[in-house]
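*Asks:* Here's the letter readout for the chains.
Protein chains: 6
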Amino acid sequence: MTTGEVEDYLKHSPGVILPVGSLEQHGPIGLIGTDALCAERIATLVGGTVDAIVAPTLCYTPAQFNMSFSGTVSVAAKVFLSYFEAIIKSFGEQGFQRVYVLNAHGANLAPMQAAMHDIYSEMGIKAPLLRIKSWWDFDEVNALRTELYGEREGLHATPSEVAITQYTDRIVKNELPSAYRAVSSQFIRDHSGDKHDPAVLHRAHFPDGQVGSDSALATPEHGELLLKAAAESVAKDYLAFVHA
Amino acid sequence: MTTGEVEDYLKHSPGVILPVGSLEQHGPIGLIGTDALCAERIATLVGGTVDAIVAPTLCYTPAQFNMSFSGTVSVAAKVFLSYFEAIIKSFGEQGFQRVYVLNAHGANLAPMQAAMHDIYSEMGIKAPLLRIKSWWDFDEVNALRTELYGEREGLHATPSEVAITQYTDRIVKNELPSAYRAVSSQFIRDHSGDKHDPAVLHRAHFPDGQVGSDSALATPEHGELLLKAAAESVAKDYLAFVHA
Amino acid sequence: MTTGEVEDYLKHSPGVILPVGSLEQHGPIGLIGTDALCAERIATLVGGTVDAIVAPTLCYTPAQFNMSFSGTVSVAAKVFLSYFEAIIKSFGEQGFQRVYVLNAHGANLAPMQAAMHDIYSEMGIKAPLLRIKSWWDFDEVNALRTELYGEREGLHATPSEVAITQYTDRIVKNELPSAYRAVSSQFIRDHSGDKHDPAVLHRAHFPDGQVGSDSALATPEHGELLLKAAAESVAKDYLAFVHA
Amino acid sequence: MTTGEVEDYLKHSPGVILPVGSLEQHGPIGLIGTDALCAERIATLVGGTVDAIVAPTLCYTPAQFNMSFSGTVSVAAKVFLSYFEAIIKSFGEQGFQRVYVLNAHGANLAPMQAAMHDIYSEMGIKAPLLRIKSWWDFDEVNALRTELYGEREGLHATPSEVAITQYTDRIVKNELPSAYRAVSSQFIRDHSGDKHDPAVLHRAHFPDGQVGSDSALATPEHGELLLKAAAESVAKDYLAFVHA
Amino acid sequence: MTTGEVEDYLKHSPGVILPVGSLEQHGPIGLIGTDALCAERIATLVGGTVDAIVAPTLCYTPAQFNMSFSGTVSVAAKVFLSYFEAIIKSFGEQGFQRVYVLNAHGANLAPMQAAMHDIYSEMGIKAPLLRIKSWWDFDEVNALRTELYGEREGLHATPSEVAITQYTDRIVKNELPSAYRAVSSQFIRDHSGDKHDPAVLHRAHFPDGQVGSDSALATPEHGELLLKAAAESVAKDYLAFVHA
Amino acid sequence: MTTGEVEDYLKHSPGVILPVGSLEQHGPIGLIGTDALCAERIATLVGGTVDAIVAPTLCYTPAQFNMSFSGTVSVAAKVFLSYFEAIIKSFGEQGFQRVYVLNAHGANLAPMQAAMHDIYSEMGIKAPLLRIKSWWDFDEVNALRTELYGEREGLHATPSEVAITQYTDRIVKNELPSAYRAVSSQFIRDHSGDKHDPAVLHRAHFPDGQVGSDSALATPEHGELLLKAAAESVAKDYLAFVHA
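Chains as they are written, first to last, in this note's numbering: chain A, 1 to 244; chain B, 1 to 244; chain C, 1 to 244; chain D, 1 to 244; chain E, 1 to 244; chain F, 1 to 244.
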């Protein structure tokens, strides 16, 4: 879009969708950019449906626990916090008073929520309202994940995210070895937010990068279903947010 | 404890419990320091049970959304992140290789988790392992909260937290007016992490500071039950963590 | 690519290309993302030629002087500096010892060069070597720009950059009004690096966003020529750098 | 206090007392938290006398020179500066226009005074006025210290501070060995502010953590006298400050 | 000196003298650069006597309380802290293991001491030892100040500092009006470190910039005496420090 | 000048000249402070001609690539950026609405330009306008450099800068060995801004600190010519800037 087109857009809508992913290993067959692709592809589909601007995807984010795997790029959470904060404030200055963040990487949540606190604190009533959602935050999406893969969905390098990129980017690498290794539900809980450990331990625990997942189950057909389910849920949520 | 006593302690245990609260309004009858007291009192009870050092409570934390209420003190999330990070690193340098953070304020979670990322990233394998738990993260505790107050527990200035401080600090102010106002479950979801809004809006939405809660239901007797339930769950969780 | 494929790549090449653009107004017919697209499209073409990994494009960068135009997003130079620094260091930790930055936005240069200083200072001999080049840094490219547009190339929202995006992304908006306004060469010199002024003044000086340029001259055919000339020069330069 | 009570308090007083201590070794018989306890106990006594709010104690502060002793926790001076600054600003936003800092740890002074500069610089005439006093800044207190211990008071882990905690917290550990070692007055001068040295040297110079002090002389009775003398001086000083 | 000469110097001495001043009003007849000149001139005299390198003077420092007077330049204390810290660390990396800071501006002390803490904390045993002294820290100097001016020496824009610059730089402006105004000793105590107030109040309290001083008493002859007394004391102190 | 004199000055001129140099090796016969002296001496000469205030010289700046040579002092680019930014903002607050930066060290440019971006972004229309010029940015000066030394001028520790300090400070050390070593023009291009390398490599490439220069050609007579040519060009440029 040109600057003039953005000016026109802002006359009828205060909303923008910001996809946020990561660059990190996703097991033997998942792409480094899996999260970035998932966020971007879903956001693009949503943007078309709801007539929303989709901003360029944030790809470089915190991912220290995967730094023992080649290709992962990680920035400090506090650096990402400041960068994200600056971007959101700049959206706000331009009149985007509703910023919908579509996230695809768990470790982004903490710095983005911390940034949200500081944006509200510094800009006060002039701050753009933020809504931060991961594409798996919706019941319909999770039902589908469970239906397709059950407990083999796992926590990282899941067949769901791999399937989405297989569908959107036509890159299927299931021919590569990808051995499933179950992990206890206690272990999963410990690692889903409150007890990630340093990179070296992480690779020791999960040598091939899959965390309780069996990414070889992914197919482009599944990806299509997941993409559409996610886009539908996000679209509904975006509209409720932007018109609130 | 003296420095010598800490030296001895570290020979048999790498663990320390760090309570983290806040200073913010808790409705008409809750204390400004409710969160700090809850975290500190539960931690002290746990420390006695499991022979763990309980470090002094962190009270000054991010609470921008309550800044329209007198007595709330809020620090920027990024400032708290750096301060928390410095403290944990210093624990680590002293040999505390297991730091159990007992939290009592939702807005602390994001900056503490972001800090955890950076501690692991900077210290690597020398980093102390962190476990961040809020006292309401346990099934037993939540069952009790529901049993006692049902949906009138609400989200902020809940009768549970008020009850705990009534029991531990013998300060009962239920004679003050405290009118319950229900909020929709959608509203609760929006405000529990992903769509807090700036301070002025927050007070407009919740004029007396209660967010869907009815703190007047609190009694010291409830507080005793809650305190003990929380301490029991935390003690079990701490032992699993510190011996892992 | 998967993590395993990156691991293999690093066995035979230490190089990576990082495109860096911006999100800012580019006059009446240029896209907000013109710089990001130019950097990304040229880098992609180069990557195919020289077998180099092309990392995702950095789009959110300093652009304060265009903040009076809708759609521009600007982050503080010091925030971008830290973010860029973190990314380069992470590349270095992963074994990318030659990072070729392909730039398409003048205001990026200062913070990236400042970051380069600090990366070398902090990582010393372990730092990845950086080469920062803008796509217009090459004689062949500039000869073509002059041949095509003469002095109507101007300084910002130039027909060259618009032409490239017309070719690569098939978006032609020359039907929109785009009035050329010459500026003195002294004025151009003042604004090319050492005396940019604040956003309000900037828009007052350049009401339609063109700085001495006549972007309506752009055609997709020119874009193809420019893209290829730039990619050829960059490819040669990249190979010299990565094998040095 | 509840938020309503704070609101009422601010109608008649702009003052708050903020105790600031440290967590660091205090020799063979002094507690890690000696400074925090001294500041808190004196402040509490003062608060009761002069009807002032006493805020929670800041315990985690710069103490690098004692990091070779177990149990010391130290944060960087610049991190503490920012945290302290954020707290004071938040007090100011809430209407506390007179913040009296009661200090008990020498190394806190520099970062707090530096923060004061920046608070005044950034908030200007809206800044709360700060008064930073250590409990030993008063003639009456020092006369008593000299009377009780003469030159054996020393510089760190002094019998005075140990005595205060013995009285307030009923923890007497004089049975532990605590050998007095005199240091020259020149040495004391060098170490009282302008030439602290790194942690390893510090422990080499003062192997048991006492710096020219004989903490074994402490008794709870002395503690009571010192506590009361300090509280009386501080109360007078607070009233002069808050009503100025 | 050339780099080769510094290399030789470091073979026989680890010391360097760093003068630190300020740019701020010094009353009706004192120069903006009075502090910078005092520090530099004394340091130069000392350097000649004791064969020490004198580094260039730091002139831009925190001086917010004088910002209501034209010509004052002030940087935030936290920014000065980081800059000073970087300089000292760089001296340390070059082998200057004894850095003697000769100060001439009270507000520099807090950030420099805070920086010292962090330098020792981060560099540990490799940190250069710092000694921070103001030129008025010596008994001989103070005796002379009292002898010459008694209580009219005051706190800021003192005749002593003015006299030194009159002697060293041959700039005598006593013909300008400079009305003495006594301030109570209580007032002086409040303003000497622990209760500076914001710039606007400061000028309201001290309309002509003199704080209890009568700078018109200054003469170049006094300046010579003061300069020599200060240089003698500093030289002795430097030698004790550098050879310790 | 006194504060009153600055007040008067600001009534007729908004301009100030800020010289910025460095402390770094300048080959076998150049002084560590060559850049600082060049900037300061030229600025002083200009100041006298155009009736402009010349502020004290900034000497401590980024110079990591010369840290392998004794006597170089380097601060991180990001730290220098913040310090420079604070100084310029303070000039702006005092009414200096035109700040002319006279630079003499290439590595200063990036952080100063980045700071300029942020100053404009944060202060907006109230920001002082900045003009950043190096003394070699003028055609007349460069013609003279070429005339005097041809390609032996080189890139660092050039005879020109050495000559200026020989003239201004009467320090001539040409008797020291200074062997000229030509470098290819490609090499020079790589090192003039976009591919500086870490300090250890830098010294390996340029063992005696000269980068393609033959500083032994310097004479005080050349220095006088260069000083005057630079001052003349700068004076003209300053007047155009300050009256624009």
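Don't read these hints as lab results, they were simulated from the structure. Quick caveat: nothing in here was measured; it's all calculated off a predicted structure. Check the hints yourself; a few may be wrong.
In silico EDC-like pairs for lysine to aspartate or glutamate, Cα to Cα no more than 20 Å straight-line [stated by the list, open to error]: (1) B:Lys-126 - C:Glu-93; (2) F:Lys-173 - E:Glu-93; (3) F:Lys-173 - E:Asp-169; (4) E:Lys-173 - F:Glu-7; (5) B:Lys-11 - B:Asp-51; (6) F:Lys-126 - D:Asp-51; (7) B:Lys-236 - B:Asp-139; (8) D:Lys-126 - F:Glu-93; (9) D:Lys-173 - B:Glu-7; (10) C:Lys-126 - B:Glu-122; (11) C:Lys-126 - E:Glu-93; (12) B:Lys-173 - D:Glu-151; (13) D:Lys-173 - D:Asp-208; (14) C:Lys-173 - A:Glu-122; (15) E:Lys-126 - B:Glu-93; (16) D:Lys-11 - D:Asp-51; (17) E:Lys-126 - C:Glu-122; (18) D:Lys-126 - A:Glu-7; (19) B:Lys-126 - A:Asp-197; (20) B:Lys-133 - A:Asp-197; (21) E:Lys-173 - F:Glu-93; (22) D:Lys-133 - E:Glu-147; (23) B:Lys-126 - B:Glu-151; (24) F:Lys-126 - C:Asp-197; (25) A:Lys-126 - B:Glu-93; (26) E:Lys-133 - D:Asp-197; (27) E:Lys-126 - D:Asp-197.
*Asks:* Next step is simple, just say for each hint if it's right about the structure.
*Replies:* Going down the list of hints, with the structure as the test:
Between Lys-126 (chain B) and Glu-93 (chain C) the CA atoms are separated by roughly 18 Å; this keeps the pair inside 20 Å, and the hint holds. As the CA atoms of Lys-173 (chain F) and Glu-93 (chain E) are separated by approximately 27 Å, the hinted pair breaks the 20 Å bound. For the hint pairing Lys-173 (chain F) with Asp-169 (chain E), the CA-to-CA distance comes to about 28 Å; that exceeds 20 Å, so the pair is violated. In summary, the hint linking Lys-173 (chain E) to Glu-7 (chain F) is supported, as the alpha carbons are separated by about 16 Å, within the 20 Å threshold.
In summary, the hint linking Lys-11 (chain B) to Asp-51 (chain B) is supported, as the alpha carbons are separated by about 13 Å, within the 20 Å threshold. For the hint linking Lys-126 (chain F) to Asp-51 (chain D), the alpha-carbon distance of about 45 Å lies beyond 20 Å, and the restraint is violated. Annotation: proposed proximity of Lys-236 (chain B) to Asp-139 (chain B) holds, straight-line Cα distance about 13 Å (limit 20 Å). About 18 Å separates the Cα atoms of Lys-126 (chain D) and Glu-93 (chain F), which keeps this hinted pair within 20 Å; it holds.
At most 20 Å may separate the alpha-carbon atoms for a hinted pair to count; Lys-173 (chain D) and Glu-7 (chain B) meet this at roughly 16 Å. With a CA separation close to 16 Å, the supplied pair Lys-126 (chain C) and Glu-122 (chain B) stays within the 20 Å bound. Note on Lys-126 (chain C) and Glu-93 (chain E): the hinted pairing holds, with a Cα-Cα distance of about 18 Å set against a maximum of 20 Å. Using a Cα cut-off of 20 Å, the hinted pair Lys-173 (chain B) and Glu-151 (chain D) is violated, with the two alpha carbons roughly 51 Å apart.
Using a Cα cut-off of 20 Å, the hinted pair Lys-173 (chain D) and Asp-208 (chain D) holds, with the two alpha carbons roughly 15 Å apart. Of the pairs offered as hints, the one joining Lys-173 (chain C) and Glu-122 (chain A) is violated, with about 39 Å between alpha carbons and a cut-off of 20 Å exceeded. With a C-alpha separation of about 18 Å, the suggested pair Lys-126 (chain E) and Glu-93 (chain B) falls inside the 20 Å cut-off, and the hint holds. Taking the CA atoms of Lys-11 (chain D) and Asp-51 (chain D), the gap is near 13 Å; set against the 20 Å cutoff, the hint holds.
Our distance criterion of 20 Å between C-alpha atoms is met by Lys-126 (chain E) and Glu-122 (chain C), whose separation comes to about 16 Å. With a CA separation close to 38 Å, the supplied pair Lys-126 (chain D) and Glu-7 (chain A) exceeds the 20 Å bound. Restraint check for Lys-126 (chain B) and Asp-197 (chain A): the C-alpha separation of about 11 Å stays at or below 20 Å, so the hint holds. Of the supplied pair hints, the one linking Lys-133 (chain B) and Asp-197 (chain A) holds, its CA atoms being roughly 15 Å apart against a limit of 20 Å.
Between the alpha carbons of Lys-173 (chain E) and Glu-93 (chain F) the distance comes to roughly 27 Å, so the proposed pair goes past 20 Å and is violated. Proposed proximity of Lys-133 (chain D) and Glu-147 (chain E) is contradicted: the alpha carbons are some 31 Å apart, above 20 Å. Pair hint Lys-126 (chain B) plus Glu-151 (chain B) does not hold up; C-alpha atoms about 44 Å apart against a cutoff of 20 Å. In summary, the hint linking Lys-126 (chain F) to Asp-197 (chain C) is supported, as the alpha carbons are separated by about 11 Å, within the 20 Å threshold.
At roughly 42 Å between alpha-carbon atoms, Lys-126 (chain A) and Glu-93 (chain B) are farther apart than 20 Å, so this suggested pair is violated. Note on Lys-133 (chain E) and Asp-197 (chain D): the hinted pairing holds, with a Cα-Cα distance of about 15 Å set against a maximum of 20 Å. Taken as a hint, the Lys-126 (chain E) and Asp-197 (chain D) pair is honoured in the structure, with Cα atoms around 11 Å apart against an allowance of 20 Å.
The structure shown violates the earlier hints numbered 2, 3, 6, 12, 14, 18, 21, 22, 23 and 25.
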